[in-house]
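Chemist: Letter by letter, the chains look like this.
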Amino acid sequence: MSPRRTSMTPFSRLAGRCLIALLLALPFTTHATQSLRYPATPNGDAASPLVIHGALDLPQVRPLLDAFHRDHPHIALHYRNLTTLVLHERFLQAPAEADVLISSAMPWQYRLANDGQAQPLDTPAARRWPAWARWRRELFAVTFEPIVMVVNEAIIERFGEVRSHADLLTLLERRGESLRGRVVTYDPAISGAGYTYAIEESRLSPRYWELVAALGKAEAALAETTGEMLEGLIEGRYLVGYNLLGSYAQERLADHPQLKIVVPEDYTLVTQRLALIPRQAPHPEAARRFLDYLIGERGQEVLARDTPLGAIHPSLEGPGTAAALRRQRGEALRPITLGPGLLATLDDLKREALLTRWRREFTRRERR
Amino acid sequence: MTRGDSLSRRLLAWLLLPLLVLGSLMLLQAWFEARRTADRAFDRLLEAASLAIAEQVQWQDDRLWLDLPPAALEMLATDAEERVFYSLVDRRGRMITGNAELPGDDREAVSDDDTLLYRDIAWQGLSLRQGVRRTRLEEWQLREPFEVRVAHSREGRDALAAELWRANLAMILAMAALAIVALLLAIRTALAPLTRLRRAIRSRDPRTLAPLELRLPRELAELRDTVNELLARMRRVRANQERFIGDASHQLRTPLAGLSARAELALRQDDPARWREALVAMQATSSRTARLAMQLLSLTRLANPEYRPELTPLSLNALAREAVREHWSACHRAGVDLGVETVAADVEIPGIDWQLAEALGNLIDNARRYGARHVTIRVGDRPPSLAVEDDGPGIPPARRLLMLRPFHRDRDDLEGSGLGLAIVDGIARTHGARLVMSAGPGGAGLRVTLVFSGDTP
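Residue numbers (the working numbering), protein chains in the order written: chain L, 6 to 373; chain Z, 42 to 498.
Where hints are given, some of them may not hold.
Simulated DEER-style distance windows between Cβ atoms [what the hints assert, rightly or not]:
#: 1; chain 1: Z; residue 1: Q101; chain 2: L; residue 2: E224; range: 44 to 52 Å
#: 2; chain 1: Z; residue 1: M136; chain 2: L; residue 2: E94; range: 47 to 55 Å
#: 3; chain 1: L; residue 1: P129; chain 2: Z; residue 2: S168; range: 35 to 43 Å
#: 4; chain 1: Z; residue 1: Q101; chain 2: L; residue 2: E94; range: 28 to 36 Å
#: 5; chain 1: Z; residue 1: D84; chain 2: L; residue 2: A99; range: 51 to 59 Å
#: 6; chain 1: L; residue 1: G186; chain 2: Z; residue 2: S168; range: 52 to 60 Å
These are computed hints drawn from the structure, not numbers from a lab.
By construction, the Cβ of each residue, glycine as well, lies at the ideal position given by its N, Cα and C atoms.
Model the full assembly from the supplied sequences, consistent with the hints where possible.
Modeler: Printed below as a string of structure tokens:
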């Protein structure tokens with residue numbers, strides 16, 4: 006899609022593809038955990054292993070790893086794709102297993118760094134990284150993913166455009182009957198991401214609770230993952246999806262034109278994947294090189310061009326970057342603040358209190 | 042200090058050293074002060090955050106309940122991006138919620154009400170500042186105590202402390218620089234009179250012995266006065282020397298003029314008998330003059346303070362006998378009875394034989410010349426002494442000291458030079474001996490005694 010892609014020699018690209026195809030053909034991908042391996046090319050240098058644990062699906066992470074492996078062929082990469090929960094728990098069990106952790110569970114990643122579990126990265130790229138997208142030099146936000154709504158064209162045709170939360174609220178309040186059971190959103194009780202968005206939205210505006218009540222009134226379906234919601238939307242079970250991860254939606258809905266992705270105009274939450282190097286990383290040198298690449302211009306370029314994750318690097322512009330999204334939505338973007346406020350999200354009592362409130366608002370109609 | 046020892050360097054060292062110590066102490070104190078100030082400022086954050094949390098604590102479902110305000114935690118983190126920890130602890134010390142099991146504070150609270158205790162803790166390898174708020178629920182029935190513990194890492198505090206300290210550092214360094222400049226100026230000013238004194242001494246005519254006239258601070262004025270005293274002594278010494286030279290030339294001129302007159306008188310005559318008579322007289326005069334010149338020479342030598350001859354052990358008895366042997370015939374011719382009285386146990390003193398022999402010779406000669414009939418050399422042993430007694434006319438006690446001055450004569454006659462006793466005095470001083478003049482035996486005559494100290498140099 007971009008002219009740079011042609012700058013790679015077709016041969017090397019072909020070789021890379023063949024290699025990966027070969028690797029995938031071998032039983033490297035287990036059923037329990039998806040993983041990718043790039044063996045080090047023996048060219049004299051001592052091979053250095055690098056273990057990355059990420060909550061980032063293989064199609065999205067592959068271009069990143071490909072590029073890195075081309076630049077550093079002596080590093081034997083091993084990427085494990087885990088869910089955020091497994092990733093976190095696995096780290097607590099074996100803090101010296103992975104060299105880099107990438108996860109979209111921002112509070113958990115933040116908590117690890119806050120507890121001193123991360124080691125700092127002091128490179129020019131780290132110093133240039135925007136302050137709002139890092140915490141100290143230990144925790145780096147590497148992606149910029151808006152939380153979006155997905156609306157079926159049928160709804161737009163019948164009830165008009167849905168451009169904002171306010172529009173959605175109006176739609177639900179007026180047409181709740183016709184949308185009964187056809188709206189889907191995260192269940193904050195079982196989904197960490199859904200809970201995080203709920204807590205952020207409730208902080209942004211008390212009207213969120215009206216929205217929750219309206220969702221409850223429309224007997225909205227509750228899902229655990231964005232994938233689940235997308236599936237239902239594609240199948241036509243749901244007509245409106247609320248709070249989906251934009252990056253996944255963009256990729257999955259590329260060939261489903263009847264489903265329109267709406268980046269809300271009034272406010273748009275933005276979630277970010279946070280990367281850190283554990284203090285006890287077994288191969289810190291390779292880890293630093295990878296993280297430096299990830300927040301460097303090269304890694305961010307790949308991120309913008311070949312993935313829907315959204316690049317943050319301030320010097321990058323054009324499609325797939327935070328700068329482009331900012332131009333489009335400007336003030337409405339609300340990136341989740343990378344700060345101690347995230348710790349409150351993890352507070353058990355807080356969670357209990359929020360979920361209680363959420364359930365109460367969601368089931369308000371029943372009490373009437 | 043050996044090389045380069047200088048007053049200004051000494052002053053500088055002794056003033057700079059305390060200054061440096063003082064400066065370091067000030068810097069240290071400034072550092073502690075900066076830390077305290079930074080802690081005070083940042084402790085307000087702990088206070089506000091713990092209060093914000095405590096206000097949200099409720100009693101719900103028979104237990105403590107907290108709806109944690111995220112802002113309370115964000116309060117604890119400044120631009121320095123501190124690590125933040127909190128916990129809510131019930132009356133039994135059980136953690137209700139929180140992200141860290143922070144330790145409690147054992148200190149007794151000042152009062153039972155809401156209290157807040159701060160302290161620095163080391164927690165899991167992190168250096169934290171902790172605030173523990175002890176308070177209680179204020180509900181209608183229930184007064185349940187609980188503790189809110191908040192802590193954050195020290196980056197913000199350290200940065201502020203360093204900033205405050207740097208500001209202080211600049212001030213203290215500026216003060217130190219000023220102090221050193223003032224010190225250098227003060228030392229220069231204080232030592233300026235010394236330079237003036239040196240210049241004044243250096244620019245003097247080397248021949249003048251006039252006193253220094255110079256306004257100086259008290260300490261240096263004492264030095265100036267001491268120098269002036271020395272100069273005054275030197276003036277007196279020089280006056281003495283000039284008088285001595287004048288006297289000596291006068292003494293030498295008189296016999297030489299006599300010789301010249303006598304020769305001229307004889308040349309006018311043709312009688313060889315007269316010539317012979319004149320020659321005899323001239324021979325006597327010239328030999329006397331030669332003796333005078335010799336006496337002058339030895340007196341000059343004795344008066345030289347840098348003349349330090351080698352002293353050898355001498356027997357006083359042997360000296361006395363030798364003197365008698367030498368002068369006996371001359372005395373005998375003049376009808377003078379010369380005797381000696383030695384001691385049984387010989388006494389030895391360190392001395393110069395020819396000088397003591399000269400002294401005895403002078404004394405015997407004087408006695409003979411001034412009309413003594415009996416002269417006795419007496420050796421004493423306790424303390425060691427040599428004395429010459431005579432039965433001549435003697436000298437009245439009031440005039441005895443005067444006799445020691447060169448060219449002073451009791452009577453005006455041509456025979457004596459007036460140097461004899463002065464030379465004896467000089468010899469006595471060379472030997473560290475005392476010259477004592479007293480009346481002779483039976484109250485008549487004169488006794489001149491050289492009293493040696495027991496262990497003369």
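Chemist: A separate judgement is required for each hint: does it hold in the structure or not?
Modeler: Hints, verified against the model:
The hinted range of 44 to 52 Å is not satisfied by Q101/Z and E224/L, whose Cβ atoms lie roughly 29 Å apart. Between M136/Z and E94/L the beta carbons are some 21 Å apart, a value that contradicts the proposed interval 47 to 55 Å. For the pair P129/L and S168/Z, the beta carbons lie near 29 Å from each other, so the given range of 35 to 43 Å is not met. Against the hinted window of 28 to 36 Å, the Cβ-Cβ separation of Q101/Z and E94/L comes to about 30 Å, which satisfies the hint.
Between D84/Z and A99/L, the C-beta spacing of about 39 Å breaks the proposed range 51 to 59 Å. Checked against the hint of 52 to 60 Å, the pair G186/L and S168/Z passes, with Cβ atoms roughly 56 Å apart.
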